[in-house]
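Protein chains in written order, with our numbering: chain A, 1 to 335; chain B, 1 to 166.
It should be emphasised that the hints constitute simulated quantities derived from the structure, not laboratory data.
The C-beta atom is built at its ideal place from N, Cα and C for all residues, glycine as well.
Worth double-checking, as some hints may not be accurate.
What the hints assert, rightly or not - No farther apart than 20 angstroms at their CA atoms in a straight line, the calculated lysine to aspartate or glutamate pairs in the DMTMM-like style are these: (1) A:103 / B:134; (2) B:35 / B:46; (3) B:122 / B:134; (4) A:177 / A:52; (5) B:27 / A:176; (6) A:168 / B:2; (7) A:83 / A:52; (8) A:173 / A:52; (9) A:142 / B:41; (10) A:168 / B:39; (11) B:38 / A:164; (12) A:173 / B:2; (13) A:177 / B:41; (14) B:27 / A:90; (15) A:177 / B:39; (16) B:42 / A:69; (17) A:142 / B:39; (18) B:38 / A:176; (19) B:35 / A:48.
To be verified - To list a few chain B residues with every Cβ distance to chain A over 10 angstroms, as calculated: (20) 2; (21) 5; (22) 7; (23) 20; (24) 31; (25) 35; (26) 37; (27) 73; (28) 91; (29) 124; (30) 125; (31) 126; (32) 131; (33) 132.
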Amino acid sequence: MFSKTLHAFSIVFFISFFSLADAKKNSQDDKDDKVDIGGMIMHHILDDYGYEIMEGVVIPLPVILYSKETGLDIFSSSKLFDKGHIAISEGYKGYYYDHGHIKSIDNSRSFYDFSITKNVAFLILNAFLILLIFLNVARGYKSKISAPSGLQSFFEPIILFVRDNIVKPNIGKHYEKYLSYMLTLFFFIFFGNILGLLPAAANLTGNIAVTMILAILTFLITNFSGNKNYWKHIFWTPNVPNVMRIIILPIEIIGVFTKPFSLMIRLFVAITAGHIVLLSFIGMTFIFQSYFVGILSALFAVALNIIELLVAAIQAYVFTMFSSVYIGLAIEEEH
Amino acid sequence: MDLLTPGVGLIFWQLLIFGLLFLFLSKYAWGPITKSLKDREKFISDSIKSAETAEKELEKLNEKNKELVKEARKEREKILLEAKSISNSIKNSAKDEASKITDKMIDDAKKMIEVEKMSAIKEVKVLVASLSLEIAEKVIEENLKNESSQKKLVSDLIDKIKIDKN
């Protein structure tokens, strides 16, 4: 019981600690006594060129820029800031930092930004973590048929759950072709969500670019594996009078795109909203500057964090399940 | 960096890294994992099936054994019955034989006795004849001495003969 309380307190401490770092920084920017909670939250939610662990401690990340005129430019993000982590107005190599964006001093120059931002860094970390875990798990299956052990025995039920409760019932008998993608998807989102809950971590799965790519991949797989029956249902809905077909056609075509769109939005919103609410509770402490509110909001934040853990699993489940459902509908045989 | 507009860089990295992750995992993790999971499931279901068939076989064997025992019991009864009847017949025939033999022996004995009796009678007859002769001799001798004593002697002798004859 005591250790549990201690645990809760340490979580509260960490959350408050790291959020304080963000809050303070933004208040400095505004040169205002009041704490800019909105800024702090957005700073946490959005991507960044450096990885700020806490106030003043920023790990610089590589900035990679490509433009047709000057070619590829790779430099540390610290080159864009002075020692107080304030953007240098004259910039570096013709680029400068302005409100979360890198801009070209020469306005006519267009460039592409492939920087290893905070989110990309976490993306790589996430991928490595998953690789490390599942290559380890896979090693347990090398020997002949045996009972699972160690890490394997923890992840095997989850793999089986994804296979038997998500992929198999929704896709049908040809599920094996899609199982690898679904497992990658599930664990990528699940680990990304959990990573995002760690203090000072990047909001990876709450970034719309990340969810967009996942949704587009599902969209492509769905439509490329769609059979005659699937397309017939869209363009020439069976057992319906011709007049109705004209009305149904645009709806069906919109439906093709709304499916991945809903996937993209759902994950993005669920994770981002969770982070915003969590940080808002912590931010209340700094707005009211009272011990009572502080303790209460910290307790709320802990409760919310636990819910967020649940959400992390649910969103991974939902994304994988809907992806399976869409593919299952696309490859369904005529009945 | 904005909330709702996806950045080109992150799109690029996400596609690249997720794609690589997918390829690596499918080759080195999901492939072997799902394959061996399937193998294991097949192994388990096969084992259960074979256990079931073994059980059925055992049941069949048990049934067969019971049948065999039943048959054996019947056989035994049959054999016992047969043996009994055989032994009875043997006993009967033995009895018959024995009675025949004894009958024959009795007959033989009877015949022997008859023969002996005949010879004995013959002997007695001879003896009686010789005795009568002797008596006659003595009577004649006594007759010469005393008539009354002669008479007495004759009657005595006759008495004696009567007893002997019996």
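Here is what the structure says about each hint:
Restraint check: the Cα-Cα separation between residue 103 of chain A and residue 134 of chain B comes to about 191 angstroms, which exceeds 20 angstroms; the hinted pair is violated. A C-alpha spacing of about 16 angstroms is found between residue 35 of chain B and residue 46 of chain B, which places the hinted pair at or below 20 angstroms, so the restraint holds. For the hint linking residue 122 of chain B to residue 134 of chain B, the alpha-carbon distance of about 18 angstroms falls within 20 angstroms, and the restraint holds. Of the pairs offered as hints, the one joining residue 177 of chain A and residue 52 of chain A is violated, with about 41 angstroms between alpha carbons and a cut-off of 20 angstroms exceeded.
Taking the CA atoms of residue 27 of chain B and residue 176 of chain A, the gap is about 14 angstroms. The hint holds against a cut of 20 angstroms. Among the hinted pairs, residue 168 of chain A with residue 2 of chain B is inconsistent with the structure: their alpha-carbon atoms are about 38 angstroms apart, more than 20 angstroms. Proposed proximity of residue 83 of chain A and residue 52 of chain A is supported: the alpha carbons are some 14 angstroms apart, at most 20 angstroms. The suggested pairing of residue 173 of chain A with residue 52 of chain A is violated, with an alpha-carbon distance near 48 angstroms, which exceeds 20 angstroms.
Annotation: proposed proximity of residue 142 of chain A to residue 41 of chain B holds, straight-line Cα distance about 16 angstroms (limit 20 angstroms). Of the pairs offered as hints, the one joining residue 168 of chain A and residue 39 of chain B holds, with about 17 angstroms between alpha carbons and a cut-off of 20 angstroms not exceeded. Of the pairs offered as hints, the one joining residue 38 of chain B and residue 164 of chain A holds, with about 12 angstroms between alpha carbons and a cut-off of 20 angstroms not exceeded. Using a Cα cut-off of 20 angstroms, the hinted pair residue 173 of chain A and residue 2 of chain B is violated, with the two alpha carbons roughly 42 angstroms apart.
Taken as a hint, the residue 177 of chain A and residue 41 of chain B pair is honoured in the structure, with Cα atoms around 19 angstroms apart against an allowance of 20 angstroms. As the CA atoms of residue 27 of chain B and residue 90 of chain A are separated by approximately 48 angstroms, the hinted pair breaks the 20 angstroms bound. With a CA separation close to 17 angstroms, the supplied pair residue 177 of chain A and residue 39 of chain B stays within the 20 angstroms bound. With a C-alpha separation of about 61 angstroms, the suggested pairing of residue 42 of chain B with residue 69 of chain A is violated against the 20 angstroms cut-off.
For the suggested pair residue 142 of chain A and residue 39 of chain B, the alpha carbons sit about 12 angstroms apart, so the restraint of at most 20 angstroms is met. The hinted pair formed by residue 38 of chain B and residue 176 of chain A meets the criterion: a straight-line CA distance of about 11 angstroms does not exceed 20 angstroms. Under the criterion of a C-alpha separation no larger than 20 angstroms, the hint pairing residue 35 of chain B with residue 48 of chain A is inconsistent with the structure, at around 41 angstroms. Non-interface call for residue 2 of chain B relative to chain A: violated, since the shortest CB-CB distance, roughly 7 angstroms, does not exceed 10 angstroms.
Non-interface call for residue 5 of chain B relative to chain A: violated, since the shortest CB-CB distance, roughly 8 angstroms, does not exceed 10 angstroms. A beta-carbon of chain A is positioned within 10 angstroms of the beta-carbon of residue 7 of chain B; the least distance is around 6 angstroms. Here residue 20 of chain B does not stay apart from chain A, with its beta-carbon only about 7 angstroms from theirs, under the 10 angstroms limit. With a least beta-carbon separation of about 7 angstroms from chain A, residue 31 of chain B fails to lie farther than 10 angstroms from that chain, contradicting its non-interface assignment.
With a least CB separation of 8 angstroms from chain A, residue 35 of chain B falls inside the 10 angstroms interface cut-off, contrary to its annotation. Non-interface call for residue 37 of chain B relative to chain A: violated, since the shortest CB-CB distance, roughly 7 angstroms, does not exceed 10 angstroms. Look at residue 73 of chain B: its CB is around 48 angstroms from the nearest CB on chain A, clear of 10 angstroms, so calling it non-interface holds up. No Cβ of chain A approaches the Cβ of residue 91 of chain B within 10 angstroms, the least distance being about 73 angstroms, so the stated non-interface status holds.
Under the 10 angstroms C-beta cut-off, the non-interface status given to residue 124 of chain B relative to chain A holds; the minimum distance is some 118 angstroms. Look at residue 125 of chain B: its CB is around 121 angstroms from the nearest CB on chain A, clear of 10 angstroms, so calling it non-interface holds up. At roughly 122 angstroms, the least C-beta separation between residue 126 of chain B and chain A is larger than 10 angstroms, which holds for a residue marked as non-interface. Look at residue 131 of chain B: its CB is around 127 angstroms from the nearest CB on chain A, clear of 10 angstroms, so calling it non-interface holds up.
No beta-carbon of chain A is positioned within 10 angstroms of the beta-carbon of residue 132 of chain B; the least distance is around 130 angstroms.
This entry does not satisfy hints 1, 4, 6, 8, 12, 14, 16, 19, 20, 21, 22, 23, 24, 25 and 26, going by the numbered hints stated previously.
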